[in-house]
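Chemist: One-letter residues, chain by chain:
There are 4 protein chains.
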Amino acid sequence: MAGNSFGQLFKITTFGESHGEAIGVIIDGCPSQLPIDLDFIQAELDKRKPGQSKITTQRKESDTVKILSGVFEGKTTGTPIAMIIPNEDQRSKDYSHNTDVFRPSHADYTYHTKYGIRDHRGGGRSSARETAARVAAGAVAKLMLKAYGIEVFAHVSSVGKIDAPNVDITNADAFIEQREQNIVRCVDPATAEEMISFIDGVRKQGDTVGGKVSCYITNCPVGLGEPVFDKLHADLGKAMLSINAVHGFEYGSGFSGAEMLGSEHNDRFIHDAEGNVKTLTNFSGGIQGGISNGMPIEFKVAFKPVATIMQNQPTINAAGEAAEIQGKGRHDPCVVPRAVPIVEAMAALVIADHFLRNKTVIL
Amino acid sequence: MAGNSFGQLFKITTFGESHGEAIGVIIDGCPSQLPIDLDFIQAELDKRKPGQSKITTQRKESDTVKILSGVFEGKTTGTPIAMIIPNEDQRSKDYSHNTDVFRPSHADYTYHTKYGIRDHRGGGRSSARETAARVAAGAVAKLMLKAYGIEVFAHVSSVGKIDAPNVDITNADAFIEQREQNIVRCVDPATAEEMISFIDGVRKQGDTVGGKVSCYITNCPVGLGEPVFDKLHADLGKAMLSINAVHGFEYGSGFSGAEMLGSEHNDRFIHDAEGNVKTLTNFSGGIQGGISNGMPIEFKVAFKPVATIMQNQPTINAAGEAAEIQGKGRHDPCVVPRAVPIVEAMAALVIADHFLRNKTVIL
Amino acid sequence: MAGNSFGQLFKITTFGESHGEAIGVIIDGCPSQLPIDLDFIQAELDKRKPGQSKITTQRKESDTVKILSGVFEGKTTGTPIAMIIPNEDQRSKDYSHNTDVFRPSHADYTYHTKYGIRDHRGGGRSSARETAARVAAGAVAKLMLKAYGIEVFAHVSSVGKIDAPNVDITNADAFIEQREQNIVRCVDPATAEEMISFIDGVRKQGDTVGGKVSCYITNCPVGLGEPVFDKLHADLGKAMLSINAVHGFEYGSGFSGAEMLGSEHNDRFIHDAEGNVKTLTNFSGGIQGGISNGMPIEFKVAFKPVATIMQNQPTINAAGEAAEIQGKGRHDPCVVPRAVPIVEAMAALVIADHFLRNKTVIL
Amino acid sequence: MAGNSFGQLFKITTFGESHGEAIGVIIDGCPSQLPIDLDFIQAELDKRKPGQSKITTQRKESDTVKILSGVFEGKTTGTPIAMIIPNEDQRSKDYSHNTDVFRPSHADYTYHTKYGIRDHRGGGRSSARETAARVAAGAVAKLMLKAYGIEVFAHVSSVGKIDAPNVDITNADAFIEQREQNIVRCVDPATAEEMISFIDGVRKQGDTVGGKVSCYITNCPVGLGEPVFDKLHADLGKAMLSINAVHGFEYGSGFSGAEMLGSEHNDRFIHDAEGNVKTLTNFSGGIQGGISNGMPIEFKVAFKPVATIMQNQPTINAAGEAAEIQGKGRHDPCVVPRAVPIVEAMAALVIADHFLRNKTVIL
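Residue numbers (the numbering used here), protein chains in the order written: chain A, 1 to 363; chain B, 1 to 363; chain C, 1 to 363; chain D, 1 to 363.
So that you can see chain A by itself, here it is in the shape it has in the complex (with noise of 0.2 Å):
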């Protein structure tokens, strides 16, 4: 009800403050007798954590996971998953200078509002840190899914105005090590080139830029999405639009699909050589009356620019008087590299969490 939990049947709640002793995240449903690999689930936080290149933060920290409860001899035991992330490099006196006053487009003013009361040590649970825990327990959804075959895989697909054309999607593992061979984090090379060099420019700026996430959901069996409400994208909607700084999300033909006629957009069924129903075209993003159709789930998310930028900023502070906001810290300059482990795990929560309501559908 206080919004710390997600999903109905594969269920996580997260806690922890980004100057707090540890964030984490319970995770309540996943099915007994997984075999739990600390091993990814490290993996996928690596490629969250801060200090990974030259384009995103120089925080250092490590993001070391350990696992509570829920696991016994290497398997789940179908009990809760507690898995904590020690918070270590809490250099608070970065933000100090910031206690006061509220930080233009951050959570300061309306966390301040909402509660009476703000831990003004960063950004509390209004840090993007707090996703560190949510791509922890992605990591199990992920086994999860796997074991299943499904996979669940994006890349950085713009940059500012720059975009990645189309790119292949028929194979999740080299999909996946292209994608890694580049500090931004796209599939395309050339693109991955021209987008490092520029967002090395806004970050000497001291200014930040936005970008877009797509994201790919291969194998998915048909049948995922609960009418009226949970629509599998309106649940891949939410989840998306829960990542600190994100601003718009689409499927399918998205906004362009608003443009088409309907004689366009609509997708045609056939059967393919093995027997199975597929679509044509793909306008529908794997998905119809809420409801995956077995075609590969496609969808975009619109990060916004980070908010901290190396520049002073006029504000007001606490006391309704003007301030100024000092370009101090140590943020990144474009987010959308960090964020692909977190789109993919908010989406593989959202599948297995489907996945789990669809087997109790039919008699």
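Please note that a few of the clues may not be correct.
Which copy? The list can't say, so a pair holds if one copy fits it or any two copies do.
[Claimed, not checked] Only pairs whose alpha carbons sit at most 27 Å apart, straight line, appear in this in silico DSSO-like list of lysine-lysine:
id	residue 1	residue 2
1	LYS328	LYS54
2	LYS60	LYS47
3	LYS278	LYS328
4	LYS47	LYS204
The set of hints was computed from the structure by calculation and includes no laboratory data.
Assemble the complex: chain A is given as a structure, and chains B, C and D must be docked to it using the hints.
Modeler: Chains B, C and D alone, transformed into the frame defined by chain A:
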């Protein structure tokens, strides 16, 4: 869990198929002592009902709502409010030719596969008719919000590639009055004329076209929205994406924000003449850190073209054989004029829910 | 949240007041393709309806149920099942003398204070009439359970200080047939006669008396119940305590178990002739660690005497003045004969819900 | 859904196994700005911890609680409060002899069957150790309730067949102080002495015995509880029945109410000297129609004898063969003295939850 409920404290559950006895909704959690204006609820439904003009479906249904419970001597009692809308014009023979085939880009195939059974008289539960129940519930939510001065209003901002200019949102009543002057529900008269003419042309070709609805919420108090998963825009996004035919959602700067620099995008805090905290710009769309900041909430919703076109289309049937779907029946050439009250209803439900949720927070 | 829903996966929401248009229920989450026997549902309602015999209220209502949605060609479709029962005999003049006074041990005072408004024509939402909606939903749950061989059955085991002896529970059909031979619904004929005679005497004095219902669930698979909070008996207990007039719940050894030694109370595991795991005794009531163990589930429910008596009683009114409540109207001298189908319905709803929840657990 | 959460608005999720790294709890929904007294939380845990006296288990654990999040400078921030209690004395060799066998009247067999995997080092998740997490969360709930003047307190009212007389509940602090004078936690000193002597005798025989806990909630405002399913006593009942070893729950007149006449049982309304509405008697146990009526809330909980006895017992193993369980380890001869803080904690959680839920009702 089965997806027919929405909201946490102001919670609705809808039921009913397009060709059954009735559709309806239960509102559980509406505060007691709220005066209920049945005429207002009916007027909202009338904006969604079929047969309104030449650019909507020619089906005629009165969509008359009846309250079964929860209201005593004109006021809510705090008990569940049940409302039903009988189905009148169930001309299911219009659909009998489609019993066995899967209509392209409809939910026929996915429902058939998920449930193993399907009410083939029209869309059954997947029909947009279900949204009438949402409009009735949303009207009650609007009544509650109006009691607190909060306004929710929307209009058609795009049809195909025709976009309306920015419009004045300072006066909700004037906005709505202006919008209701034309059948396409666009506040800008010149654009409205262009849209109507375009839709009429599409209709004559037996085709359909998509469009966009822009929605505004004004006078919303600071503090609505629950971090971290139930951010206000995440719940608005899910609400919108749960509406039939919606393929995209963005708020504030939206997708264009992904192309901006942080130094451009940050909304500078100021005090206005009355000493209230405002921002100079509103790229945040009235929401920061998932919590309303007192500025107008602004978002846009993209609708794909209606899948039912008056042209014959190749498809397959349940037995997996090639078949042809015939272009018969009475359907909308463009869904967005009738979608305006649905978008408003879902937005009102989200705000009502978060309004109640917010009242529980501070000790 | 507002308390009108029950269950997680097999979820019901009831609505309606005793003197409004209708009462009803939505079942959300019933599996698709379940054959629905409307006669069975009606027969269950008939066991609860008023006016059955001299020891129940003389109000006459047919309690005719109507299905509005979710069933197509005799089978469930996986969409919400809406059922309504119109209110017929709303002789509210019987109650008009009580408009302003708080009836002792009724919900008048608490509703009035909580909601600030109250439907004073009878109990409104607090009326036991609401349980008719539960019985209709419970009948659908029973149909689902029967498809898996699970039986739910109950009888009146005590009226006042008259207790029935232990009864044979090996054959559910025989049990029910025997029980329906008498108007008090006690399986033991001699006890039944004694109970009926006692209730009739109480009725003649214008008084009421309490009693107990014992309920059994047989052929229940091992594994139903979710530790740690949603233990099967915890959900059964909540279900029973949510029925009007219930003041106590115990399962297995119950309150007498609190007086026993562990060496007496432990249920020894054995294999029966077919190689199934059984226990020699069943002090655990078929549930261990909150999870069904395959033995018969056994519990008992205590009902207080009906508060409405045909005697004048001193009380106070809404203005806080002394008043007198008059002993008029038509009420039950003893509620337990009509409570039997309600207890069964709520038990069936709990088991159906946990049956679906259990199917999601193992990978 | 998987049963590890309790509450709607003041919601807890517990995690952890008896022999894992740690157990813990997340509280989601605690209002902001509540002062947190860590010493009070620890003192509550100390009342539950093992090794307190000769009549409790001799295991020694300090059960030291640590807050990981949600508290800043001594006050709650409105974000999730995570608390962990590391497991210290995990002497799992004590249990190694039981790896393969199903202990009678434990959850071994049901967990094994439900999950297909079981942490056999003690009870795993089914261990009463999990209730320590509840006590920690309940202590926070108590702090919130105390801020509103609401008191929750309990004592041991029966051990075996030894019953305490009625006790004075007008002063919560005096009640608790008196109760803590003896190791069995019964307010009546003479009864306490008898109980202690009886339990000690049982312990010497290697046996265990059941008992009852009576709980009181005073100064509770009118209006808590949500009809029709979430009646206050229904949620209290579920809370109590979710505690390990509980087999029965009754409130107000309870099971004995089932033997009474309506004319005896009705609680007559009066105004007291201060003009407050009271009832002359309190057979309703402070709750009418599921809603608190301002009188003291009174209920009783029955605990079966602990299943682990220090005697050898015949049983079967996972392979289905006859086996013997050995009477080793360190367990409680009678659970009720340590159950008192657990009963209080769960009661406090229910009241805190309904307190917040009630604040949302009236417009």
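Chemist: The structure should be examined with respect to each hint, and the outcome stated for every one.
Modeler: Here is how each hint holds up against the structure:
no. : hint              : in the structure
1   : LYS328 <-> LYS54  : within (17 Å within a copy, 60 Å between copies)
2   : LYS60 <-> LYS47   : within (13 Å within a copy, 43 Å between copies)
3   : LYS278 <-> LYS328 : between (53 Å within a copy, 24 Å between copies)
4   : LYS47 <-> LYS204  : within (23 Å within a copy, 53 Å between copies)
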